[in-house]
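Trainee: If you want our numbering, it's the 1-based position in the sequence shown plus 6.
There's no promise every hint is true.
20 Å max Cα-Cα, derived DMTMM-like pairs, lysine to aspartate or glutamate [claimed, not checked]:
{"no.": "1", "residue 1": "Lys-42", "residue 2": "Glu-382"}
{"no.": "2", "residue 1": "Lys-333", "residue 2": "Glu-356"}
{"no.": "3", "residue 1": "Lys-234", "residue 2": "Glu-318"}
Cβ-Cβ distance ranges computed for the label pairs, FRET-style [unchecked claim]:
{"no.": "4", "residue 1": "Gln-348", "residue 2": "Glu-62", "range": "33 to 39 Å"}
{"no.": "5", "residue 1": "Asn-152", "residue 2": "Pro-9", "range": "16 to 22 Å"}
{"no.": "6", "residue 1": "Glu-381", "residue 2": "Phe-159", "range": "33 to 39 Å"}
{"no.": "7", "residue 1": "Leu-207", "residue 2": "Arg-155", "range": "28 to 34 Å"}
{"no.": "8", "residue 1": "Asp-389", "residue 2": "Val-79", "range": "26 to 32 Å"}
{"no.": "9", "residue 1": "Val-77", "residue 2": "Arg-155", "range": "51 to 57 Å"}
{"no.": "10", "residue 1": "Glu-356", "residue 2": "Glu-178", "range": "36 to 42 Å"}
{"no.": "11", "residue 1": "Asp-397", "residue 2": "Pro-9", "range": "48 to 54 Å"}
{"no.": "12", "residue 1": "Phe-174", "residue 2": "Ala-303", "range": "31 to 37 Å"}
{"no.": "13", "residue 1": "His-102", "residue 2": "Ala-160", "range": "32 to 38 Å"}
{"no.": "14", "residue 1": "Asp-275", "residue 2": "Glu-178", "range": "43 to 49 Å"}
{"no.": "15", "residue 1": "Ala-303", "residue 2": "Glu-356", "range": "26 to 32 Å"}
{"no.": "16", "residue 1": "His-68", "residue 2": "Leu-98", "range": "21 to 27 Å"}
No lab work stands behind these hints: they were computed from the structure. This one's a predicted model, so the numbers in the text were calculated from it and none came from an experiment. We put the CB at the ideal spot given by N, CA and C, even for glycine.
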Amino acid sequence: MNPSFIDLGLAQTTLHPLGLEVLRAQGSYLYHPGGKRTLDFISGIGVSSFGHSHPEIIAAIHDQVDRHLHVMVYGEFRQSAQQQAAEHLLALLPSHLDSVYFVNSGAEAIDAAMKLTRRSTQRQKIYSFHGGYHGNTFGALSVSANAERKEPFAPLVGDVEQLPWNDFEGLERIDDRTAGVVLETIQGDAGIRIPDETWMLALRRRCSEVGAKLVLDEIQCGMGRTGKPFAFEHFGLVPDYLCLGKALGGGMPMGALVAPSHEMLLFADNPSLGHITTFGGHPVSCAASAVATRLLAHTNWEHIEKIGKTIEDRMWATGKVRKIRRKGLYIAVELADADEVQRVVNGALELGVLIFYFLSTPQAFRIAPALTITEEELNFALDVLANVLDDEV
């Protein structure tokens, strides 16, 4: 029996961790003691979108390590890795999103965005949506939806309320007292819920009409996961602020708030250090991110959609699937109930394929393969899942 994390002197996040020991990772595979390997069909929950240990990302990391590691708190020294990461990222975004604040995680990016909405509008009210998940810092948890996960830590940040998702009538509550509206462009933890384009456009119009900032959380759904560089491109709109994380760092810890430069400058004065981080914009993370965004710019999106359609077709063919919600390689497969999901997740893992749960959608499992998955790797994973779903193992 493997020792628990607590027994090893480490914090433990659940009472039933997977407990797999990883010696190394390459491409779509995780390698374990004894020569066993597991195909990672969730990309580290969307972090390793270009596969594990991508050679160009690893080369950039080695090069930066040879140059220097941390040298100063963010915003005091000019560092080429930060400049390159910002340049590559901003080149993919609309022109008004021309300033990036690199932080350490997606949740930190949400916190920064919440602060900037209040600072830039001089208002307090922040709205988010039922089903949303934005992270576990106090700020990010405050705009997240799962009441069961929030209640033990209450009270959280004040003047935050939830609106019904994909509901036109609820948008009327957004008014000239609203500082910002925080929304996952496509909801992840809720089981890859994709909003109607007409509702998204109505939300954008409403925020513009009353002067509220539209903050899109693309921590999970951004960076190519949905078959375009950014998920908002599917809906014909652009946000006021954009929050990124996970795949942004190419496997390194990283998040970012992207906003117009004239608003981002508000963090620098009255008071100065209005937002500050010691390790944000870490040069090694930025070096990795610069390569990840460059790879993103050269991704074949038709090929990504072809992979997604293949996965969807194979899952439907099993006859055990109730629903599939998919945009690109952002996929939820819904089964009869949570017990069936647990059976499939455990069965697939036994046969060497890692899929995983959603925190708030127990009747579905997630699929999020690397954008670089090979045909051989894809066929292996789908054969395993099909066999497990069809009770043939």
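Trainee: What are the numbers of the hints that this structure violates, sorted from low to high?
Mentor: Structure breaks hints 2, 5, 6, 8, 9, 10, 11, 14, 15.
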